[in-house]
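Put chain B on the given structure of chain A with help from the hints.
Number of protein chains: 2
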Amino acid sequence: MKIGLLGFGTVGSGVYEIVKSTSTCFFDDIEVKKILVKDEKDKVMDIITTDAEEILNDKEIDLVVEVIGGIHPAYEYIMKALKNKKSVVTANKAVVAAYLKEFTKTAYENGISFEYEASVCGGIPWIKSLEKVKRIDEVTEVYGIFNGTSNFILDNMTKEGYEFQEILKKAQEKGYAESDPSADIDGIDIMRKLLITSSLAFECEVPEKEIDVFGIRNIQKTDIEYFKNINCTVKLIAAGKKYEDKYCAVVEPVIFKNERIEAAVPQNFNIGTIYGKTIGELKFYGQGAGKLPTGNAIVQDIIDIIEVNGKLKERKFENKLTKDSSLISGKYYVRVKNEEFEKENSDIIEKKLENSGNLIYITKKIDCQTMRKTAEKYIKEGIFYARFED
Amino acid sequence: MKIGLLGFGTVGSGVYEIVKSTSTCFFDDIEVKKILVKDEKDKVMDIITTDAEEILNDKEIDLVVEVIGGIHPAYEYIMKALKNKKSVVTANKAVVAAYLKEFTKTAYENGISFEYEASVCGGIPWIKSLEKVKRIDEVTEVYGIFNGTSNFILDNMTKEGYEFQEILKKAQEKGYAESDPSADIDGIDIMRKLLITSSLAFECEVPEKEIDVFGIRNIQKTDIEYFKNINCTVKLIAAGKKYEDKYCAVVEPVIFKNERIEAAVPQNFNIGTIYGKTIGELKFYGQGAGKLPTGNAIVQDIIDIIEVNGKLKERKFENKLTKDSSLISGKYYVRVKNEEFEKENSDIIEKKLENSGNLIYITKKIDCQTMRKTAEKYIKEGIFYARFED
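Each protein sequence line maps, in turn, to chains A and B. Those letters in the first sequence? Residues 1 to 390, by UniProt numbering. Those letters in the second sequence? Residues 1 to 390, by UniProt numbering.
Next up, chain A with everything else stripped away, as it sits in the complex:
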């Protein structure tokens, strides 16, 4: 099978390295024929081009790997490849989250495959494991740590005592965080992964606007110290639940007891949990990003496409589910500066804690959307909240 690579950055070069250096029997068939780069100066091999059409219109290329990232022109490239009957494998969560149903349908109509294992949890076999569980079980719950950057920040604040800004700077120096870190620390990246995961798990369309998102931008050392004192650890969690014809999907910090597995997930690792009726609870842990783990996930998709040899899966997103935020609820820890908060929200406050100059509240059990809406007007002045795991 001849492959075209759209993009030759970290992940693209990881794919190329794995295909070139691996000698198991699955690789007899795989050849990288052309690679798209942006700049003329990056044309360091004969097979490199700056013209996407050379790949998208090449009749010998059966499969296109899209790793340029972003929505445009990734969307246009993927659609053209699919319509030209080339299977597509991508690691691009932004474009998958935005066009999952359209890509899936177009691939099926053209008799080829669209795969995106690498778009969620990097090297962890997450998408394919979820689909495997669903061969037998209805999936009623998914959750996990889907973003390595935020986990790196929280883990180092917890273990080394850093303030948020200090460790964010270190993460940027190490290349774990972007110079504009908002996609990671505001929960946008993890929201996209949750959207993809929930759509597959519950077989429905999940509109982005139905996912309540609260990130870790406002967390402070004082919050971490409070959690440590009660033998807990905070993690940024994506969670989705389904019950009958209702569902809920939310991104928010969650406080785990230290004895829980999620509390032990270190550095920039990811973990994901799936619940099914007969299989019970399954967890999958590994590298959520990085050149070789993400490259590995892409190559696994390529091998899957070779293996199924045209026997296509039809993925559907046809369940009509309505959002019900009460499916995910709990008591919340809330830290605010403004004394107005207490007056305006006395109905949801269970108790007030003393903590050297900070106003800290524990709420009654409320649903995740109520908490998110309550926090809205205090976000700019630095409110932080996190849900206690039941």
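What you were told as hints is all true, and nothing was included just to trick you.
Each pair may be met inside one copy or between any two copies, as identical chains are not told apart.
Mimicking DSS-like on lysine-lysine, the simulated pairs with C-alpha atoms at most 25 Å apart in a straight line are:
(1) K277 - K174
(2) K20 - K277
(3) K134 - K2
(4) K134 - K20
(5) K380 - K169
(6) K59 - K85
(7) K20 - K313
(8) K291 - K134
(9) K311 - K59
(10) K2 - K59
Hints listed in this document are in silico derivations from the structure and should not be mistaken for laboratory results.
Chain B only, in chain A's frame:
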């Protein structure tokens, strides 16, 4: 596809229940045609028989599920089914550990499949995940908690303060441990799972006698208290490593820092870790036993066989590896009664600890086989040891 069930105990009835009650598209094809039981009194349905030949010689049956357990007659039934060109799926670790290579070869020669996902880690997709990793990477290390009974005992000793005999009795009452618990607490069950795992991971034959095994029969509350005081948790671990043409496989208690994921594995859950060159570290967690999780793993194997539709995998065990115990080594915690131990083993002892009447030693870094051999003569008088994770 018509299937025959050999055995209708816990796991067999789990398989039957899942096949009967599941309605995903994969089940349109699956029908349980006949079920073998031992006693005439258990013939409660028309499809139940007490004559194995009725299943093994039935030309309509394409696939046989073996869940009777033990070596004989399971071995004979499996061989006859394979030679009659029926694919076989089994949960029976004892017979798989003893005859893995022969079953694999016979199945391949007869153009059908032999699958055994359920034989290691129950419902966790462990065998298939390992094989998936190996499509790309050489696997250099595998380890994990592969026995739910011993984990239940250790977890409850740690969290609830039980003595070993007390919690063993409770485990027996709950049905988590057999009336003769030796397979679980002496590490025999986990050794078989390690043998199967290492054979597949390293593509070699692993003779049972090359696996050093030390269980948890001799553990006491005093050991657990010592580990808790140093913020650690002990787990019974199966571990295999490969380096060039050497390998090592060992079953022994291992002491993990509390912040490690293994330390957080509760109750009778299992976890397994795989290292590959490009994928890095992957962990898989779930129910290691039980009617529905184990039944689920068997049904997943059945679906895989339907899906591959005769396109066979050839599994080989042809690497010639020699045992090298130095691949797995560390400092050990040792508790003995006999003062002779100190005199006879002064060369490996790093320090002696005071602990109310017990003789406790921390060894220098030694390999796992040296530790096992050193312990041999003190086993009957109650020696307990555990390796500190590096």
